[in-house]
Amino acid sequence: MTTNHRARRWALSGAGLTLALSLAACGGNVGGGGSDSGEEFPGGDPITILVGQDPGGSTDLIARAAADGLSDELGVPVTVENQPGANGALAAQSLAGEEPDGHTLMVYNGSLAYITPLAVDEGAVPDIADFDIVTGLSLDDYVLVTAPSSGLATVEDLAAAGRAITFGTTGVGTGSQLSQELLFAQADIDATAVPFDGGSPTLTAVLGGQVDVGSVQLGEAIEQIESGALTPIVTFAEERPSYLPDTPTAVEAGYDVPVQQSRAVFAPQGLPDDVMQTLRDGFEAAFGTEGYQQLNEDNLLTPLEVDGEEIRERWTENLDNYRAVVEEYGINLGGDA
Amino acid sequence: MDLAPVLDGFTVVLEPTNLLYCLIGVVVGMLVGVLPGLGPAATIAILLPITIGIEPVTAIIMLAGIFYGAQYGGTITSVLLKLPGEASSVVTVFDGYAMARQGRAGTALGIAAIGSFVGGTVSIVALSFLAPVVAGFALDFGPPEYTALALLGILLVATVSSGDRLKAVVAACIGLLLATVGRDGFTATERFTFDNLNLADGLDFVPIAMGLFGLGEILYNLEERHKAIQAPTKVANVWPSRQDLRQSSGAIGRGSVIGFVLGILPGGGATLSSLAAYGVEKRRSKTPERFGKGAVEGVAGPETANNAAATSSFIPLLTLGIPANATMAVIFGALLVVGVTPGPQLVSEEPELFWGVVNSMYIGNILLLIMSIPLVGLFVKILRVRPAILAPITVLITLIGVYTVNNNVFDIMLVIVFGVIGYLMKKGGFDPGPLLLAFVLGALLEDGLRRSLLIFDGDATGFFTRPISGTLLVVFLVVAIYPLVSALRDRRRQDPAQDTSDPNTKELV
Chain A
1313 MTTNHRARRW
1323 ALSGAGLTLA
1333 LSLAACGGNV
1343 GGGGSDSGEE
1353 FPGGDPITIL
1363 VGQDPGGSTD
1373 LIARAAADGL
1383 SDELGVPVTV
1393 ENQPGANGAL
1403 AAQSLAGEEP
1413 DGHTLMVYNG
1423 SLAYITPLAV
1433 DEGAVPDIAD
1443 FDIVTGLSLD
1453 DYVLVTAPSS
1463 GLATVEDLAA
1473 AGRAITFGTT
1483 GVGTGSQLSQ
1493 ELLFAQADID
1503 ATAVPFDGGS
1513 PTLTAVLGGQ
1523 VDVGSVQLGE
1533 AIEQIESGAL
1543 TPIVTFAEER
1553 PSYLPDTPTA
1563 VEAGYDVPVQ
1573 QSRAVFAPQG
1583 LPDDVMQTLR
1593 DGFEAAFGTE
1603 GYQQLNEDNL
1613 LTPLEVDGEE
1623 IRERWTENLD
1633 NYRAVVEEYG
1643 INLGGDA
Chain B
165 MDLAPVLDGF
175 TVVLEPTNLL
185 YCLIGVVVGM
195 LVGVLPGLGP
205 AATIAILLPI
215 TIGIEPVTAI
225 IMLAGIFYGA
235 QYGGTITSVL
245 LKLPGEASSV
255 VTVFDGYAMA
265 RQGRAGTALG
275 IAAIGSFVGG
285 TVSIVALSFL
295 APVVAGFALD
305 FGPPEYTALA
315 LLGILLVATV
325 SSGDRLKAVV
335 AACIGLLLAT
345 VGRDGFTATE
355 RFTFDNLNLA
365 DGLDFVPIAM
375 GLFGLGEILY
385 NLEERHKAIQ
395 APTKVANVWP
405 SRQDLRQSSG
415 AIGRGSVIGF
425 VLGILPGGGA
435 TLSSLAAYGV
445 EKRRSKTPER
455 FGKGAVEGVA
465 GPETANNAAA
475 TSSFIPLLTL
485 GIPANATMAV
495 IFGALLVVGV
505 TPGPQLVSEE
515 PELFWGVVNS
525 MYIGNILLLI
535 MSIPLVGLFV
545 KILRVRPAIL
555 APITVLITLI
565 GVYTVNNNVF
575 DIMLVIVFGV
585 IGYLMKKGGF
595 DPGPLLLAFV
605 LGALLEDGLR
615 RSLLIFDGDA
625 TGFFTRPISG
635 TLLVVFLVVA
645 IYPLVSALRD
655 RRRQDPAQDT
665 SDPNTKELV
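Read top to bottom, the protein sequences are chains A and B.
Numbering of the first sequence is given in the numbering used here, commencing with residue 1313 and proceeding in unit increments.
Numbering of the second sequence is given in the numbering used here, commencing with residue 165 and proceeding in unit increments.
Think of the hints as simulated: they come from the structure by calculation, not from any bench.
Given the structure is predicted, the values throughout are model-derived calculations rather than measurements.
Possibly wrong hints are sitting among the right ones.
To be verified - So the derived list for chain B, only partly shown, Cβ under 7 Å to chain A, looks like this:
| # | residue |
| --- | --- |
| 1 | D365 |
| 2 | L618 |
| 3 | I619 |
Claimed, not checked - Covered stretches of chain B, going by a simulated chain A footprint (3 or more residues, C-beta under 8 Å):
| # | stretch |
| --- | --- |
| 4 | 293-305 |
| 5 | 342-356 |
| 6 | 568-576 |
No residue lacks a Cβ here, since even glycine has one placed at the ideal position from N, Cα and C.
Working from the sequences, and respecting the hints, build out all of it.
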């Protein structure tokens, strides 16, 4: 596509200029470095990993850590390019328009594959069948928290509150929303969803007692949980995450609501086998690096470094399961019906 | 008050990188202050993308420097060339230029620099004490409080701004409409997205700001015929005499207070406070006839006030996440770009950023005081750069810059569209400021209102039973009703005057 090429050229000159600016201004660091070009992939050309979220978030950090390891292993620069928007659908859209040559990849969020479709119109989310999946990355757990002043500590407390519970979610079509909607529907708790714009505002609202409870990613809440500013009620993992061994899972509490964020590396459809293999090996090496493992630990991520087909199966199964329960309990993630 | 984070803030500022960026910021600020047309909002909007590679605190230190630096720079051309570089320095022209013609240009600049320094410093000290108090209520600020604040903000933006009131209201309404674009955050319904994924998250703030202020201003300025710049009179005798100082000390004191108070109010800011300060000085003076003919108070008051306001307008932004004026709205965008969400928790969660930025203003003001006089000659030379050279370069930087924020070509188109809108607005006499502010506040208002109603279970009286939102709403009502009441009172007062011509009517009533 000509427009795409033009766009790319814009990108390069833009990146070049900012680079020059930041270099001139602060003597910033430029990572990577060229390598001798060869016949085989990657052949000396750089690799771009798209991220559909803002810089600084978990998805971005994971992509950057993996990019570092991959770059060392393959000997070419690997850059992360953020294209935030529409829960990552925007970046997925531009990934689909790229050549399947292994030089453009994306860190894809599971929520976009198996939760967002429940909330938005068909066609507003990409289909994972249109992509090749290189490798799984990791799982991120959701935890239901409340402020100690609420006097609520278990799911039973919530059921016995004798009033409508308000729960903060990190947005429509997120795991935060789905996990709580499912739990409260199954536990037959009268509850109202209050969507916020991301994890940090949700936490603030819970801490300030604006809402009774909220479900956020574990890494975002762990500091407050450890300091006692927040009480964890349940996690939504299938098994207790190693980072929070004393908090029951919703499954243990008797509800069928495993909801986790999952991330994987996607490529445009039609990736040649040898390129796929080289990338897989490259990522495997990256997962072994100390920096990458440290990142998982710091952000309380559970590695799920399985191959692409297993990810595809899991995610498709998740979508089917969620669709079934959501219908069974008459939950509308879109909320206006 | 715990002093440790404040002192840590100084260690942040004194890091060489931060000092360097502070210096860059104030120099760039003075520069754009000198250049007529290109204001601090435009400059910060254009420079937003370069903040991406920099530490957040460093980036904001630089952008803040641009803002208050511009207040100094604007004075220079007002005094020497009768050419206000900044809207906030327009009133300085009256007496500043008159003083220059009397050969007292140096005195005017000196007094302005001293006043600016004092005003800025008073404001920073007040900011240092007030901000943590406001932030102490951080967790009490829930959706209802934000709703009330946003409502108050929009009202003030539309009524207090310095231009035509009706046009400000129109611009604000357009801003509110633009805020509704995007996938509804509560029901995931598409609103005005035309099935375009680029619009799913709504219009992005940065391209709008860069278009309206950056591109729009550049286009508008290209139209203006630029007169040849005369060589400035030689500036000598910068240090004001003892008598000048005595004459202006009161003006500087009052200017500090006026600037500080008006800077905090949404819709206020540097321009409004300089006008107010000039008005106050003229009214208070025993010799009002001197004003416009080189009264030193006429320079000292407004110049002090605009700097004090520039500083104090950071308070609502850094403590509540509510921008008080257009430039603050752009800095709000900058904070978001570097990954910091300004709000009540900023002081406790990011003390280094908060105190680093606040304390950098002390340093920045000292730098400005030292530099402003010796660099006058240089800045005046810059005025000679032809717009034909400057404009294309700025446009290029703007367009490339906006691309680098989200790596999205769509944003380039948005800048161009909003550049044209900004140009047309300026031509039609509409200030784009209220549009941008209403755009920011509109999203806050809608989300806050809907969240509140969910929390209150649909019962709107909840807004009035919570102490903070209740108080804010009362203030809102007072501000909304006061103009009506005072208009009514004016009519009453006029009535007796008319009554004298027809005394019977009054008695009959």
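Of all the hints given earlier, name the ones this structure violates by number, lowest first. none
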